[in-house]
Structures are given as structure tokens and as C-alpha cells.
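Participant: As a plain string of letters, each chain reads:
There are 2 protein chains.
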Amino acid sequence: MIFSSKLIEDAVQEFSKLPGIGKKTALRMVLHLLKMEKEEVNGFSGALSRMRNEICFCNTCHNISDSDQCTICASPGRNKSQVCVVETIRDVIAIESTQQYNGLYHVLGGILSPLDGIGPEQLNVASLHERVKNEEVEELIMALSPTIEGDTTVYYIARQMSELPIRITTIARGISFGGELEYADEMTLARSIAKRLPIDNYVSMKGS
Amino acid sequence: MIFSSKLIEDAVQEFSKLPGIGKKTALRMVLHLLKMEKEEVNGFSGALSRMRNEICFCNTCHNISDSDQCTICASPGRNKSQVCVVETIRDVIAIESTQQYNGLYHVLGGILSPLDGIGPEQLNVASLHERVKNEEVEELIMALSPTIEGDTTVYYIARQMSELPIRITTIARGISFGGELEYADEMTLARSIAKRLPIDNYVSMKGS
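Chains as they are written, first to last, in the working numbering: chain R, 46 to 253; chain E, 46 to 253.
Please keep in mind that the hints were generated in silico from the structure rather than gathered at the bench.
Hints may contain errors.
Given that identical chains are not distinguished, each listed pair holds provided it fits within a single copy or across any two copies.
[What the hints assert, rightly or not] In silico DSS-like links for lysine-lysine, alpha-carbon gap of 27 Å or less:
#, residue 1, residue 2
1, 83, 178
2, 240, 62
3, 69, 178
4, 240, 178
5, 69, 51
6, 125, 83
7, 69, 240
8, 68, 51
9, 125, 51
10, 125, 62
11, 80, 178
12, 178, 62
13, 125, 80
14, 51, 178
15, 83, 240
16, 178, 125
17, 83, 69
18, 83, 51
19, 68, 240
20, 68, 125
21, 68, 80
22, 51, 240
23, 68, 178
24, 69, 80
25, 62, 80
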């Protein structure tokens with residue numbers, strides 16, 4: 046694309062660095078920004094710079110945070126005996142959005158994947174071990190990807206923690222709510238039959 | 046979605062103001078920016094602010110520009126006897142990207158659409174008339190939408206210019222290059238048969 050304005054060209058160039066944004070979409074965004082008020086656009090760009098420059102990671106759980114301790118770790122109302130182990134901050138946001146979990150988190154920063162060169166040293170596993178040893182953690186809830194790598198990571202962490210007096214659980218696997226049986230993959234369906242629940246358990250889950 | 050960081054929340058909020066960007070896509074972009082270097086993100090937000098704060102519109106053709114006169118109007122190599130009339134700056138970018146047109150432009154800012162309250166006063170029609178009267182324009186090339194409104198606008202402008210000694214043309218309508226006949230709409234197909242071209246004309250067009 047040929048632009049008659051260097052300013053526009055630069056802005057389009059910057060936008061098209063974002064994931065899933067090509068030149069045409071970038072131009073659409075830029076022209077949209079052009080129609081917005083100056084204050085709004087400055088608010089937009091200010092929010093992005095501020096976010097990148099001021100963001101920290103929580104010293105305890107490695108979640109993103111506005112200060113050294115994230116709001117979740119700092120909250121007195123949280124159940125400090127439960128720690129949910131997740132891969133990324135995206136997972137924290139997803140679980141928080143359910144508004145059903147009241148414990149703490151630990152962000153690993155990925156899962157074990159030897160082929161990609163990701164071993165335990167690349168992940169926040171040592172600090173999880175420290176936390177479990179020194180804090181009042183009673184349960185680790187493993188909420189990792191339902192893949193071979195995810196399962197491997199769960200087993201690795203479970204072995205690391207074997208000498209410590211904690212309970213390790215994983216999130217339930219099964220058919221999605223509203224999902225149709227015929228579209229579920231065989232592995233999920235087989236597992237959900239093998240791990241079937243008594244009906245009263247099912248009713249109480251629906252009610253909660 | 047619930048974020049543990051106000052900075053992230055603000056950035057997501059701002060991103061989701063853009064067209065076609067929902068909360069989830071906005072979060073994806075924000076997390077991508079978080080992974081980028083600080084300088085890169087500041088470059089990104091700087092380019093946006095600068096673009097919005099410094100952009101002008103060309104006094105002559107109403108195209109976006111970095112100064113009072115756009116690079117196209119200012120260029121000495123351009124054929125000043127041809128003016129291509131388009132709806133938006135997006136059309137200027139599209140035509141410029143073909144690298145086949147060497148004349149000037151005139152951005153109307155829309156097309157006549159009485160139902161939406163857009164009459165000749167809302168468009169840059171008066172300034173087009175001035176340009177044709179005072180400058181060395183010999184041909185107006187109407188490159189407007191192939192719709193009823195577009196055609197109405199073409200006829201309106203042609204009538205406005207009727208006392209002036211210029212030639213008014215419109216861009217060719219027909220089957221798109223690489224398009225398949227069976228998928229073309231009836232109107233286009235009927236018109237492209239009625240306005241068929243002699244074969245030597247066709248060959249010279251392919252060659253150019």
C-alpha cells in the first residue's frame with residue numbers, strides 16, 4: 046500500500062506488528078483513530094505506554110501486577126491454603142472471570158516441553174516449591190493444558206512435592222457444558238464415562 | 046473479564062474501542078505488547094499520538110497530509126490536468142497502490158445520500174467546482190461507489206460542471222480480473238456485455 050502521509054504509514058506499520066493484524070486491518074484501525082477526538086487517541090496511546098512501562102510481576106505468584114504484590118495475593122479475603130497452578134496470566138484472568146475460585150495462583154510461565162527447550166529451569170517451579178514449603182498451602186490445584194505436556198508437568202510437580210504434606214488435585218476433565226456428545230473427542234468421552242459421577246453429586250454441582 | 050491489574054484493564058478497555066476488536070482480541074493484543082520491548086511499545090503509542098495530533102488535510106484535494114498540501118498535490122511530476130474524484134482517503138490509498146494513475150485527486154468525503162442527511166453541502170463539491178474553474182483541469186475521473194448513490198453523485202457533479210470546458214469520465218465497470226462469470230451479478234454481467242470492447246483494445250490493456 047502507498048500512503049501519501051508518513052504519519053499514517055508509521056501508524057499502519059506499528060499496528061500491523063500486532064498478532065492477526067494485516068496491513069488492511071491496520072489501516073482500518075488507523076482511519077478509525079483519525080475520526081476519534083485527539084484526547085481519546087492520546088488516552089489510548091497513554092494507556093498502552095503506561096501499561097508497558099509500569100507493569101510488574103507479582104513476587105509471589107508471578108501474575109502481572111501494578112506493584113510488587115498482585116491484588117490477588119494481597120487480598121485478605123482470599124483462601125491462602127489453596128494455590129491454583131496455571132501456565133499463563135491469561136489462565137488467571139479466565140479463572141478469575143468465573144468468580145468461583147477464592148484461592149491464590151501460581152503462574153508457571155509455560156509447561157514442560159523438552160522439544161521446545163523448556164525444562165523445569167525455564168518455569169517458575171522452584172519458587173512454587175519454596176511457597177509450598179514456607180507458606181500455609183494445603184492444596185495445589187493443577188489447572189494446566191489437557192495435553193501430554195500438561196500431564197507431564199503435573200506429574201513432575203507432583204513428584205517434586207512428594208515429601209511435602211499437601212494435597213495435589215487437577216481440574217475436572219469431561220464434556221463441556223452445552224457440548225454435544227457426538228462432537229466430543231473419543232479421549233474426552235471415554236474419560237468422562239470412566240470418571241462418571243453419582244447423580245446427587247451432579248445435582249449439587251448444577252445448583253452451586 | 047476480571048483483571049488483577051488496573052493497567053491491563055485500561056489498555057484492554059482502550060483496545061476494545063477499535064472496530065472489530067472485542068475484549069478477548071484486545072487482551073491478546075495487550076499481552077502481545079507486554080512481551081514486546083518497552084521502546085517498541087513506546088514507539089507504537091508515540092506513532093499513534095503523533096499521527097492524530099499532527100495530521101492535516103490537504104487544502105486542495107482534502108486528502109490526509111502531513112502539511113497543508115499533500116505530497117500528491119505538491120509533486121511536480123504529477124499530471125495536473127487530470128483529477129480523480131473519490132469518496133474517501135481510503136480510495137486514494139487504493140488507487141495509489143496500483144501505481145497506474147499519475148494525476149491528482151479530490152476527496153469528496155462521502156457521496157450524496159439524502160436518507161442519511163448527506164447533501165452537496167456536506168461534501169467537498171464546492172471546492173471541486175472552484176478547482177475546475179481556476180486550475181488547469183481537463184478531465185474529471187469519477188471513481189465513486191458503483192451504487193445508486195454513487196451514480197447520483199456522478200450525475201450531480203456532471204450537471205454542476207456542465208458550463209465548464211472539461212471532460213468527465215467514470216472508471217470502467219465490468220467483470221473483475223480473475224473473477225468467474227457465473228458468480229458475477231446480473232447487473233454487472235449485462236453491463237459488461239453491453240459495453241464490450243474490441244479485442245485489440247483488450248490486448249493493449251493487458252499489455253499496459
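Participant: Each hint should be assessed against the structure and marked as holding or not.
Facilitator: Going through the hints against the structure:
| no. | hint | verdict |
| --- | --- | --- |
| 1 | 83 <-> 178 | neither (53 Å within a copy, 35 Å between copies) |
| 2 | 240 <-> 62 | neither (45 Å within a copy, 44 Å between copies) |
| 3 | 69 <-> 178 | neither (53 Å within a copy, 36 Å between copies) |
| 4 | 240 <-> 178 | neither (32 Å within a copy, 83 Å between copies) |
| 5 | 69 <-> 51 | within (16 Å within a copy, 31 Å between copies) |
| 6 | 125 <-> 83 | neither (45 Å within a copy, 34 Å between copies) |
| 7 | 69 <-> 240 | neither (49 Å within a copy, 32 Å between copies) |
| 8 | 68 <-> 51 | within (15 Å within a copy, 30 Å between copies) |
| 9 | 125 <-> 51 | between (54 Å within a copy, 23 Å between copies) |
| 10 | 125 <-> 62 | neither (40 Å within a copy, 37 Å between copies) |
| 11 | 80 <-> 178 | neither (56 Å within a copy, 31 Å between copies) |
| 12 | 178 <-> 62 | neither (43 Å within a copy, 45 Å between copies) |
| 13 | 125 <-> 80 | neither (48 Å within a copy, 29 Å between copies) |
| 14 | 51 <-> 178 | neither (57 Å within a copy, 31 Å between copies) |
| 15 | 83 <-> 240 | neither (57 Å within a copy, 48 Å between copies) |
| 16 | 178 <-> 125 | within (13 Å within a copy, 79 Å between copies) |
| 17 | 83 <-> 69 | both (23 Å within a copy, 26 Å between copies) |
| 18 | 83 <-> 51 | both (18 Å within a copy, 23 Å between copies) |
| 19 | 68 <-> 240 | neither (49 Å within a copy, 35 Å between copies) |
| 20 | 68 <-> 125 | neither (47 Å within a copy, 30 Å between copies) |
| 21 | 68 <-> 80 | both (19 Å within a copy, 21 Å between copies) |
| 22 | 51 <-> 240 | neither (61 Å within a copy, 40 Å between copies) |
| 23 | 68 <-> 178 | neither (51 Å within a copy, 38 Å between copies) |
| 24 | 69 <-> 80 | both (17 Å within a copy, 24 Å between copies) |
| 25 | 62 <-> 80 | both (22 Å within a copy, 12 Å between copies) |
Consistency with the previously given hints fails for numbers 1, 2, 3, 4, 6, 7, 10, 11, 12, 13, 14, 15, 19, 20, 22, 23, ordered from lowest to highest.
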